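Each chain is listed here by its residues.
2 protein chains.
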Amino acid sequence: MADLQQTFEQLCNHVRETAKLENISSLLGWDERVMLPERGGEYRADQITLLAGIIHDRNTDPQLGVWLEELSDSPLTEEPHSETEATIRRLRSDYLKQVKLPKRLVEEFSHARVIGQQTWVKARAENNFGAFEPILDKIVSLSRETAEAIGYDGEQYDALLDFYEPEAKTDQVREVLETLKDQLVPLVAEIKESGRRPNMEIMKRDYPLAAQEQIGKMAAAKIGFDFTAGRLDVTHHPFCSTSGPHDCRITTRYDENFFPSAFFSTLHEAGHGMYEQGLNESWFGLPPGTSASLGVHESQSRLWENIVGRSYAFWSHFYPEAKKLFPAALGDVPMSDFHFAINEVSPSLIRVEADEATYNLHIIIRFELEQALLSGDLQVKDLPGAWNEKYTQQMGITPPTDADGCLQDVHWSAGLIGYFPTYSLGNIYSAQLMEQAHEDLGDLEGMFAAGEFGTLLTWLRENVHQPGQRFPGSQLVEDVCGDPIDSAPLIRYLRAKLGPLYGIQH
Amino acid sequence: MADLQQTFEQLCNHVRETAKLENISSLLGWDERVMLPERGGEYRADQITLLAGIIHDRNTDPQLGVWLEELSDSPLTEEPHSETEATIRRLRSDYLKQVKLPKRLVEEFSHARVIGQQTWVKARAENNFGAFEPILDKIVSLSRETAEAIGYDGEQYDALLDFYEPEAKTDQVREVLETLKDQLVPLVAEIKESGRRPNMEIMKRDYPLAAQEQIGKMAAAKIGFDFTAGRLDVTHHPFCSTSGPHDCRITTRYDENFFPSAFFSTLHEAGHGMYEQGLNESWFGLPPGTSASLGVHESQSRLWENIVGRSYAFWSHFYPEAKKLFPAALGDVPMSDFHFAINEVSPSLIRVEADEATYNLHIIIRFELEQALLSGDLQVKDLPGAWNEKYTQQMGITPPTDADGCLQDVHWSAGLIGYFPTYSLGNIYSAQLMEQAHEDLGDLEGMFAAGEFGTLLTWLRENVHQPGQRFPGSQLVEDVCGDPIDSAPLIRYLRAKLGPLYGIQH
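These protein sequences, in sequence, are chains A and B.
Just so we're aligned, residue 1 is where the first sequence starts under the UniProt record's numbering, counting upward by one.
Just so we're aligned, residue 1 is where the second sequence starts under the UniProt record's numbering, counting upward by one.
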């Protein structure tokens, strides 16, 4: 047992060292997007590639395999979901995956990702799907090859999904998203038919940058983002990046003529950041100190951005402050108009600009299409047609160009097939968690209206953040909420908020 | 020959990869001092230490030794000071040095540096030399041990000096600095006796931060710092840091009630940065693409900060702009008063605040003391007394506390013994180079007054930056100027500028 304990320590030390390098790589990426001088890009890419090689060597070090063999099924794994058991289980799963991938495939995929993104940027700007088609074709077949190399019990897509949502199964996810779609489509239709619309002109007035910065930082700090262990900076595409146990950086972008852009992306990224800041520090770099899955991560960002941040209660607290900071834009605007405007529902073409009700329809379209691409039911050359057909059918609008259609997202060009559904899982989880939080904590709206967010955050810390990867994402949520994954709370939440605004059933 | 060429390529590839890691480490250091959240320090130190270990392993890789043995004295080294010969010569010299240092000594020294700096910060704040004495004693003996391990032909100090000023010899440096001292002491005395003083109140007026930022960036860009391959940020202790061939970052600090602080530190760091930006890009990470020495580096920063930046001609161009940006502070100030104030000479206790005439006296005191510490002629416990005696004798003022005396600089606590003289070598080189530039380029003052700095920069690029480490620093300067290292040009320059201001001989 003492020997096993020593082996476990060696294993952990090795992985913690690797995590230091991974966090250095994160910092290089953050710096690239936030700080890097114009001409510094090429060398930065070389630096990141070099680190990736060193990290890959460490992750596939045969010594890791020896330690993990010794530890798995040993007395140290007897207590399921303990920190120790989870560490061994998760590291073994990652290791076995890594060593199954031939180096040739890893390198070829890595290269295809770089070319993929470069080609995509150009193809999108020129609205030229034909230019993107060959490399996307390559990425799809490399993804297929990856799935085959790793192996799967059920569907091929499982092997890819597992990278982002460990232990999730395609058929279950499909069932959940189908049910969600069946409920969202009528909701969106009712809203459309209601004929009610918020006054969106309010959002497009002059919102000076400095005041936006002030209210964004204030709100992020107020909900619990710790600025002594994090930063907020400006970038083109908002993101959250962790470089150490007390170094989590979020970014946003400012549009002086559209208030929601910076404010809600700040809350969104702060939600991600607060999850990172709430992880178990003593296990930093190891599974118990790592986020459970992308779905759970997204549940935290969407919870703070939407369920909290677009609530009437939240603005009962912040609106007087907003009026002070933006007297010209909001001086004459009643809070109810403001609240309606930040909750506008309107089918649109672009996912990243979508409202809460239509957002998941965008995701479902992508999820359906990428399964078809992977299985070969859909040829890459037929993607634009299939995309437009689905948008016409499910969203009621047809993309006028591929740039506004199947070329809009970076994911596929970056080799991320199997990633999209985690966005919807996150939305579903967020509503499930919030229903349970209400049950456990009582009048959350009263707290928000009083500017008190600590009670909710403490509950999330304890129930969602601290467990890290001890449980798979869906099990974590099920353990907290008592029910398996279920889209009903999300629909209940949307109808409860949007019903009164649009005068529809709730 | 083809085989040799191939070995040379392998060698270069290995070293370029190591340079990528070193530049990552630089970025981590820059980020630590400019961006890192308050609580991120501990993990960052761990990350830097981990990289240092990986870099050390690469630098002492026996394969490097095999390649270098094969290449040294081979036909590839036949052309002295060619890129190839210099690469082999410099890398071999570094390698032989690295492998001579026992790992135990490297680790012990590395640890002593961390403790040294932590102890120093506290000891300085508490004005408690006694608390610093034991670790300084340790650092001195580890320095001695390092010198012995590396070996030397002449003096023990040579082995340390060589880290910072390759191939320089202590006896030559001593002779040059003695001569310099003999000329500076009477110059400073004459200035004191002249009774003339600039009106320093001018410098202490309100200089709003935004306007300081604007004039600093404008001036840095105008003299040639390339902002598409660099940045300017804010920090406590200004520095210049390179993270890639097109990524050189400089920093400054703003004092709203003292104009010279930010402006001249910006020019100083821009001078360092322009040297880095002027290096031969195709040899980046290898000796021909690396700065020649710390002395040559400092010659570039001081040349732009002082010889250019404090000249009447420079301000003939910038003063109208300064008046526009600081109407309240400078509206009623004639340029001659401003120019006199930025060239004040006044013996003081603190090196980093010293003027051009007294600066080198500070350095000479440190150079003399650290030689005595290393040789054992001076015991660490007697340092405060020896320090105060020298300040009283050579500067005419006695430090009231050790915090303002021998505890003021970070260098010794960081294990940097042998580093100080490079500051004075830089000042001497800068004046030699500038005399030669005048000879080669003619009316530089006329150009500066017209805002034209490109002619001088092009000359520096060609003569000083592009050669990299093909020549040792002093030889580089000698080749450009025709004379060996000589303090006379610095004295001529100082007397030419200060003479008219103070009404003394020039």
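Treat the hints loosely; a few may be bogus.
[To be verified] Which bits of chain B does chain A cover? Going by a derived footprint, with three or more residues having C-beta under 8 Å, they are: (1) 37–44; (2) 49–58; (3) 149–159; (4) 233–245.
Hints were generated in silico from the structure; no laboratory data involved.
Please read all numbers here as calculations on a predicted model, not as lab measurements.
Backbone N, C-alpha and C define an ideal beta-carbon position, used for all residues, glycine too.
Check, residue by residue, whether the stretch 49–58 of chain B contains three or more positions whose beta-carbon lies closer than 8 Å to a beta-carbon of chain A, and give the verdict. holds (count 3)
Quick one: see if chain A covers the stretch 37–44 of chain B, three-plus residues with Cβ-Cβ under 8 Å. holds (count 7)
Outcome, coverage of the stretch 233–245 of chain B by chain A - at least 3 residues whose beta-carbon is closer than 8 Å to one in that chain: holds (count 3)
Closer than 8 Å Cβ to Cβ for three or more residues is the test here. Does the stretch 149–159 of chain B pass it with chain A? Violated, because only 0 residues of the stretch 149–159 of chain B bring their Cβ atoms closer than 8 Å to Cβ atoms of chain A.
Violated hints amount to a single one, hint 3; each of the other numbered hints is respected by the structure.
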